Every structure is written in structure tokens, then in C-alpha cells.
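My request is simple: use the sequences and hints to build the entire structure.
Same order as they appear, the protein sequences are chains G and H. For the first sequence, this note's numbering begins at 1 and goes up steadily by one. For the second sequence, this note's numbering begins at 1001 and goes up steadily by one.
Hints in this document: simulated from the structure, not taken from any laboratory. Bear in mind that the values here come from a model prediction, so they are computed numbers and not experimental data. Incorrect hints may have been included.
[To be verified] Reference listing, derived: stretches of chain G covered by chain H, where coverage requires no fewer than 3 residues with Cβ under 8 Å from a Cβ of chain H:
1. 98 to 105
2. 139 to 148
3. 161 to 172
Just so you know, even glycine gets a beta-carbon here, dropped at the ideal spot from N, CA and C.
2 protein chains.
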Amino acid sequence: MHYLVTGGAGFIGSSLVDRLLSLGHKVTAFDNFSTGLERFVENARKNPNYTLVKGDLLDEGALQAAAKGVDFIFHLAANADVRFGTEHPRKDLEQNTIATFNVLEAARLGGAKGLAFSSTGSVYGEATVIPTPEDAPFPIQTSLYAASKLAGEGMLAAYSEGFGLKTYIFRFVSILGPRYTHGHVYDFYRKLSADPSQLTVLGDGKQRKSYLHIDDCISAMLTVVEKAEDKVNIFNLGTDEYCEIVNSIGWICEEMGVSPTLSYTGGDRGWIGDNPFIYLDTKKVRALGWKPQFTIEQGVRNTLNWLKANDWVYAERG
Amino acid sequence: MHYLVTGGAGFIGSSLVDRLLSLGHKVTAFDNFSTGLERFVENARKNPNYTLVKGDLLDEGALQAAAKGVDFIFHLAANADVRFGTEHPRKDLEQNTIATFNVLEAARLGGAKGLAFSSTGSVYGEATVIPTPEDAPFPIQTSLYAASKLAGEGMLAAYSEGFGLKTYIFRFVSILGPRYTHGHVYDFYRKLSADPSQLTVLGDGKQRKSYLHIDDCISAMLTVVEKAEDKVNIFNLGTDEYCEIVNSIGWICEEMGVSPTLSYTGGDRGWIGDNPFIYLDTKKVRALGWKPQFTIEQGVRNTLNWLKANDWVYAERG
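Pasting the structure below:
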């Protein structure tokens, strides 16, 4: 099989590329390196089945050339900057909604049979049913990021109906693990490295979140693409547990051997549009035989240890 | 109050403009006249409270100038060509999704307090709960048109959360009545005028649809904007009944005094992405005190009589 992976030099994309190459597939990675990193594609570059295209998804010509003749597309490129959406509202529209449209057009014109898309558990807004199943009540969006992912989901489904493309939509919780370069573990490790005596936490620290390890995430995506048989396949990906941010801080401090004084900015959420409780129902993906290998605690600890061994990422990513 | 009405020269927009002017408000209509008609704004032009701006929503400068200082925006402009979405997939993205983003930015920059948006009952896809309430299970999109309206809804809600704009989302059934210039009554009247002996019907004629008269639609919108108090206000607008297409054909033939032989293209839907059964639960809007004055039958007959008296629209709209 020949796969195209957009965002193929990023955290999730480069990990997926390595997995697909290890399974003997041909892979084209497409990335504009806005957040992707050269070091993440170093190993892939040594593989003759690998092609790297440096390009932007808003450049339709480059994208369509890269997509021509591929069998399947994983569209993982995105502006994943959930928190600062209101500072640059057009970014989610361009890099997520319009970019996803361009990928769909490239899939249609290039003859791909299927397309998988990284959506987000944030499309459930402030969910009224928890754990939240895929057919939860029609939600109200709370962030430009989630709204742009919802827009992408809708276009994928319409392309399935209109053009026969088989589509796969993954509503992720937060993903962590090796190559993780943004999020609370990343931020807290940097802050505690600079000053182990104190840490300021957004909100009240009681926000409840779920995290999935990258290895489990990739196994789940590949399981769904192999086994799910609907025209439009929508799957929550997460663990069957959640933690409070303060729990995670405890594990991070333990791994670092630090005991900071914690202070809180207050309120029940970290930022405008932050959802104080994200916990997805994952029965649907488990019914396909997948289950995670990492608990949230193991995932946080594994992430921290990767950051400790790879703190060059802070120099490159800031 | 100073209102901006996008699509202000179209079917719904021009009818709303006339109502707002009759209530003594100041109104700016913004329209690119792609489907709007000069004759629909003739009366408004005589009113000193009326300003007409000929412009396109993709022209951000013109839009922001028109929106500057208005109190409230009704964003009704759209590509409403549901049926032919797959022939020009980019049209829904540009004229609905991107245009709606531009209107939101214009609202934010221009200081509007609120924004109302014409979405569609088609966002429920092939609904599993009928009549379909606003909090129906998270739907799967079936047309590029509905997907682009869903994208608009999501952005409106995110702007409410991020920027404090009060938003109103109307999920319409099909609207008909005076100034109606596309849809099955429009098409059938034209075909039967040309050849009263026979009529070809898309699908099996058993598609069940709901229709709302334009006067009732406008009263409903104004009731919601006046009375609904949430940050994001989502309302189905429709009648508490549905008809089969064959029923509607019967009323049309009766009004025209014709008895065509009917033939059917077959299948349970009119086109790819057509939903064979649209029937919305309207308890929420009724709870605000609104109720429709027209039954579906009265609406269809009223529309047909308007078309008979105004068949110049066929020359102008085709």
C-alpha cells in the first residue's frame, strides 16, 4: 500500500510514518515544518520506501501532485494550538478547515480509496453525557479549534456520500509520549527545569482530562482502518480513565525529583474554550479488539522521561 | 436598531428587510446579486432608513465597512444550491464556510452585539430521531451544503465563547412563499407551464418533507432574537407536520388546473445527499410563544399563486 501522511514530520504523523514503514508500506510524508521537526524524520529518510515532500496544504498543486495515485491518506496536519485560537481566528479556518478541504479534493482527484482524519474529543464541547459516546447529543462548540475540526468531519462525511470515498474520523483525547512537543507535560517540565521551587497552574488544577499514549493511538488508528466497515467511520480514541491535572503534576514532580509550591490562576478551566472534563466512551473502538497498553500515569511518566532524554526539542520548538 | 442583513436581496433576506423597515429600524442590506433580485428591493429603496450595498462576502474590506457600527447582523447569504454540491465542491466552502467566517470577523471588528445565522435542518443528516430535536444524536453529514452550514454553526458558537458575541442559529426546513425562486414548487410550476401533460419526479415521490411559509419564518426569527437568552441559541424552525412530494404535486396541479401523467426516476431520494424524511421538532421555538399561521398545504398553494402572478422571476432567475 502507498500511504500519504499529512503532518508527517509532526508528533503523531512521524510516529505513524515510522510504523507504516516498519510494516513494509510505501509512505509519502507531506509537511510544512511549521511544527514538524527534521529529527523526527531522520530514521524514515533512510528507508527507500519513504518520500518526504516539504509543502503547505494551502498549496493545492503541490498537495495534488503528492496525492496522485496514493491508496490511502492519513490527514494529520493541523493547527493544534487550541488555547490561543482567539488571538488569530483565521488560523484554524485556513490550516484546519480549508486545508482539510484541499486534502479531500486531492484524495478525490488523486484516486485515493480512503482517508483518515484526526479530529478531537473537543468537538463534544462541554459534554452532557460522560463518558461521552460518538452519538452524544448534538454539541455546541466552545473553541475555534474544535469548530474547525467539526467542519473537517462534516466535509469528510459529505465526500463519502457524494464521491464514495471511505472515511475514518478519530476523535482523540490528548495524545502524549515520545516526540510530544506541546501540552501540559511539555510546559510543566520546562517550567520546573527552570525553577523547581514553584509552579503556576492554569485554572484550579481540578480539570479532569484523559490522555492516550502515542503507541496506543497509532495501534487504534490502524485497527480502525483495517476493521471498520461503514462508509463514514467515527471513533473516539482514548483510555477508559481520566486524571486531574494535579495528579499529573504529582507524577511529573516525582519523576523530576522536585517539590514545587503550587499556585493556581483559579476558575474551573485553564482558558477560554477549555473543557474542564474530557472523558470519552471508547466501547466502539474496543469492540474491534483494540485496547491501550499504557495507563494515563504510565503515559505521563513515559512522556516525561522522553523529554528528559530529548530536551533538544525545547531549543527547536521553544 | 441598525441591522445588517447579508443576502438582503434574496428570498428570505429581502422579506426580512421589508419587515425590519416596517418596524421602523435602520437596515443595511448586503448582497452580491448572484441570486438576489432588484425587484425584491424596489420597495425598500424608497425607505430613507434603507441602504443597499452591492458586494461579495469574500471581499472583507467591503463587508467590514458595511458592518461597522451596526447593532445586529442577520447572516442569510449562502449558496443554497443543495442538490448540485458535488459538481462544484469548492462553492459551499467559499460561499458558506469562508463567507460566514468573514461575517463573524466583521461582527467582531464592527462591534455588533449579536448575530443570527440561517443554518438548515439538513445538518441532522439522515436523522435517527423524528421529529428531530435540536439536541438529536450527533449527526453524520450527507451533503457539502449541510456540512458547510455545520461549519458555520460551529464557528458562531466558538465566537460566542471566545468573544462574547450573542448568536442565534436557525435550522430551517425548506422555506416557501412570495419571492421563492428555487425548489420543487418553482421547478414543477415551470415544467407544468411548458407541458401540462406530464411531469417527471425525482425519486419515488414518497420523500417526506416539511415546509415553512416565509411570513412564519420571519416571525419565528424575530421572536427568537427578542426572547432567547442563552449565549448560543439554536432553534429548529418548521411546522409540526410534513407532506409527501406527491401531496404537494396534487395541490400544485389543482391550483394550475392540470392533470399530468406522473413518472418517477425511482429510488427513495431525489439526489445524492437528499434526505428522504425531514421533520423537525419545533417545541423549543413554540415555547417562546411563536406558532405558524400557514399549514404546508396553504404554504404550497400560496407559493404557487405568487408564481402565477410573478412569472417574470423565471425570466430573471432561469
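Evaluated hints:
1. 98 to 105: Since 4 is at least three, the answer is holds.
2. 139 to 148: holds (count 9)
3. 161 to 172: holds (count 3)
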